[in-house]
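Undergrad: Taken in sequence, the protein lines are chains A and B.
Per this note's numbering, residue 1 is the first one in the first sequence, and the count goes up by one each step.
Per this note's numbering, residue 1 is the first one in the second sequence, and the count goes up by one each step.
Honestly, the hints are just simulated from the structure, not real lab data.
Take these hints with a grain of salt, some might be off.
Label pairs and their calculated CB-CB ranges [what the hints assert, rightly or not]:
(1) A/40 / B/266: 22 to 28 angstroms
(2) A/166 / B/39: 35 to 41 angstroms
(3) B/9 / A/48: 45 to 51 angstroms
Non-contacting residues of chain A with respect to chain B, defined by C-beta distances greater than 10 angstroms in every case (computed) [said to hold, decoys possible]:
(4) 15
(5) 28
(6) 39
(7) 45
(8) 95
(9) 98
(10) 103
(11) 148
Quick reminder that beta carbons are idealized off the backbone N, C-alpha and C, glycines included.
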Amino acid sequence: METPMLNPIVQLADRASKVAGSLAALCLFGIFGLILSEVFARNFLGYSIRFSWDFAGYLMGALFLLGAGPALREGVHVRVTALRDVVPDKLKWLMDVGASLVGLLVTALIFWAIGSMAWLNFLRGTTSATVSATPLWIPQCVMAIGAAVFFLQMVAQTLRVFSGHELTNADAEDTAARGDAK
Amino acid sequence: MSKATLILLGLLAMLLGMGVWIGLGLIGTGYGLFSLFRPNAPTDKLLAQQLFNTATSPALLALPLYIFMADILFRSRLSEMLFTGLAPWTRWLPGRLSHVTIIASTLFAAVSGSSAATTATVGKITTTELLNRGYDRKLVIGSLAGAGTLGFLIPPSVIMIIYGVLAEESILKLFIAGVVPGILLAGSYSLYLGVRAILDPSVTGPPLPPTTFREKLHSLIGLGPVVLLIGAVMGSMYGGIASPTEAAAVGVLGATAIGFAQRSLTLRGLYEAAIQAAKTSSMIGFIIIGAVFLSVVLGYLGVPREIAGQIKALNLSPMGLVLVLLVFYIILGTIMEGMSAIVLTLPITLPLILAAGYDKIWFGIFLVLVVEMAQITPPVGFNLIVIQRLTGDKVGQVARAAFPFFLIMIAMTMLIAIFPEIVTWLPSKTATRN
Numbered sequence: 001m002e003t004p005m006l007n008p009i010v011q012l013a014d015r016a017s018k019v020a021g022s023l024a025a026l027c028l029f030g031i032f033g034l035i036l037s038e039v040f041a042r043n044f045l046g047y048s049i050r051f052s053w054d055f056a057g058y059l060m061g062a063l064f065l066l067g068a069g070p071a072l073r074e075g076v077h078v079r080v081t082a083l084r085d086v087v088p089d090k091l092k093w094l095m096d097v098g099a100s101l102v103g104l105l106v107t108a109l110i111f112w113a114i115g116s117m118a119w120l121n122f123l124r125g126t127t128s129a130t131v132s133a134t135p136l137w138i139p140q141c142v143m144a145i146g147a148a149v150f151f152l153q154m155v156a157q158t159l160r161v162f163s164g165h166e167l168t169n170a171d172a173e174d175t176a177a178r179g180d181a182k
Numbered sequence: 001m002s003k004a005t006l007i008l009l010g011l012l013a014m015l016l017g018m019g020v021w022i023g024l025g026l027i028g029t030g031y032g033l034f035s036l037f038r039p040n041a042p043t044d045k046l047l048a049q050q051l052f053n054t055a056t057s058p059a060l061l062a063l064p065l066y067i068f069m070a071d072i073l074f075r076s077r078l079s080e081m082l083f084t085g086l087a088p089w090t091r092w093l094p095g096r097l098s099h100v101t102i103i104a105s106t107l108f109a110a111v112s113g114s115s116a117a118t119t120a121t122v123g124k125i126t127t128t129e130l131l132n133r134g135y136d137r138k139l140v141i142g143s144l145a146g147a148g149t150l151g152f153l154i155p156p157s158v159i160m161i162i163y164g165v166l167a168e169e170s171i172l173k174l175f176i177a178g179v180v181p182g183i184l185l186a187g188s189y190s191l192y193l194g195v196r197a198i199l200d201p202s203v204t205g206p207p208l209p210p211t212t213f214r215e216k217l218h219s220l221i222g223l224g225p226v227v228l229l230i231g232a233v234m235g236s237m238y239g240g241i242a243s244p245t246e247a248a249a250v251g252v253l254g255a256t257a258i259g260f261a262q263r264s265l266t267l268r269g270l271y272e273a274a275i276q277a278a279k280t281s282s283m284i285g286f287i288i289i290g291a292v293f294l295s296v297v298l299g300y301l302g303v304p305r306e307i308a309g310q311i312k313a314l315n316l317s318p319m320g321l322v323l324v325l326l327v328f329y330i331i332l333g334t335i336m337e338g339m340s341a342i343v344l345t346l347p348i349t350l351p352l353i354l355a356a357g358y359d360k361i362w363f364g365i366f367l368v369l370v371v372e373m374a375q376i377t378p379p380v381g382f383n384l385i386v387i388q389r390l391t392g393d394k395v396g397q398v399a400r401a402a403f404p405f406f407l408i409m410i411a412m413t414m415l416i417a418i419f420p421e422i423v424t425w426l427p428s429k430t431a432t433r434n
């Protein structure tokens, strides 16, 4: 996938995925910082940071969703490739088409589900039931943005498949060797 | 079989077989089933709620942190230090330096939660060193494949975190329960290497001159950072200062400190490790989200109860049930990556095994062993792929080399089935403190 793609949608998706990946990394640093502060505060200062677990949880939600697009782009999401590896190339391509269409549908559902939940919670002003009383739409909105990037990257993957490429697969280079397996 | 169960199996087989990303395939199957059987229910609300609750669940927070820690350690010079630190101590054993792979994996597993990370980090150095010294290729690769899987059994363990969350069991107790079986398994691997070396001395490299006690002591300095890190992670957890999640944060701090002290880690490297860890966490996160959503849907439709009823009707003895599950998981593990396999089947198998009188913690360790086997069975085995990238051997060759170690794992699983105390003894001793 290193070859330059002229398709503007693919370009946009890749750029969005890169930004989302950086944001996901920041979320990870945030989780690390919050949990570590809690350990130190409790053991050395004798008090507990009440919101640390809540916020770390929200950051993890953001991390999972924001990380999904870039992970898809680089083939990190695992797939069952056992069947795919033994069928002829034509059928393999058809399976990739099928997989990416299902992927489009499911990522769209995910975006729709989180997006409408965030919107509803924004309208209602729902806050979390924990001490931090965080307005729920804030973390959910970030998750919805991640889901949007995920969907966009799925569109890009589908376009790649339709232009004759294979879906990015973490172990694509191993498929040749798999013929020897077992 | 009811219509719901048939459609479930058909849909799952179709989506996953076609190569749909596993997390998305599980969500799609759940969504399809629920919309079909409960057409008037708000499926999108159920999905949103399950997704939000799972993705933000504090119980899962240890997962991204341990993955992050492993990604940082992979960029450090820890494996060189393990090799130079351990090599002088194993020269006198039958099998000589081949044991370094086992011991280094055991030690690294005590700071790493994943077996792919253990295999990659330990194998980076040991394979080249041992192969250059004339050790038998099959033995070197096979022992790395086997020992690398210890990453899951010896705490901390990503699989145990996931199981703990899904089965609602204490992650700390699961961690403690993995210690004895992990050390037993590592010991069995070493025993096998020793026996092989006695039967056929040509599999090991030439003997090295014995080291003096001084040299041995000096070599220990290299082990210092690993031992300190193990002490920080395990000590803070078992000493009651930190929960498993907090210990993970301490571990990330320690790994970063080691990396910077060795000058093998830069800020840029740390950032890259975070991006890599974020992607891996997201992949695993989506599989968990999919599994939780699907099992909630199945629960509504009564599918687990139905399948469990049918298996119960077979009237298997508890041991018979364990054997059936073992065979089932080995087969599933050949075509699927192990973690997905257990996450997918847990809503059905856990109630069955509890009804048969087994302990939740015991089943967790059983599943960890099963996942370990899945890691080294072709065509889909993460450890095989990691080793293929490391040494260039074909997946099939790696799998053949790992086969004796696969058999040892089966023997180990049978052993804990016959003597469940191997698993339950240590957590029962320490449970009161928790």
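Undergrad: Would you mind marking each hint as holding or not holding in the structure?
TA: Evaluated hints:
Judged by the Cβ atoms, the range 22 to 28 angstroms given for residue 40 of chain A and residue 266 of chain B holds: they are separated by roughly 25 angstroms. Taking 35 to 41 angstroms as the suggested C-beta distance range, the pair residue 166 of chain A and residue 39 of chain B conforms, at roughly 37 angstroms. For the pair residue 9 of chain B and residue 48 of chain A, the supplied restraint of 45 to 51 angstroms holds, since their beta-carbon distance comes to about 47 angstroms. Its beta-carbon lying about 15 angstroms from the closest one in chain B, residue 15 of chain A satisfies the requirement of being farther than 10 angstroms from that chain.
Residue placement check: residue 28 of chain A does not keep its beta carbon more than 10 angstroms from all beta carbons of chain B (closest about 5 angstroms). With a least CB separation of 5 angstroms from chain B, residue 39 of chain A falls inside the 10 angstroms interface cut-off, contrary to its annotation. Non-interface status of residue 45 of chain A relative to chain B is upheld: no Cβ of that chain comes within 10 angstroms, the nearest being about 14 angstroms off. Chain B draws residue 95 of chain A into its interface by the beta-carbon criterion, the shortest separation being 5 angstroms against a cut-off of 10 angstroms.
Taking the minimum C-beta to C-beta distance to chain B, about 5 angstroms, the non-interface status of residue 98 of chain A is violated against the 10 angstroms cut. Some Cβ of chain B comes within 10 angstroms of the Cβ of residue 103 of chain A; the nearest lies about 6 angstroms off, and the non-interface call is violated. Non-interface status of residue 148 of chain A relative to chain B is upheld: no Cβ of that chain comes within 10 angstroms, the nearest being about 14 angstroms off.
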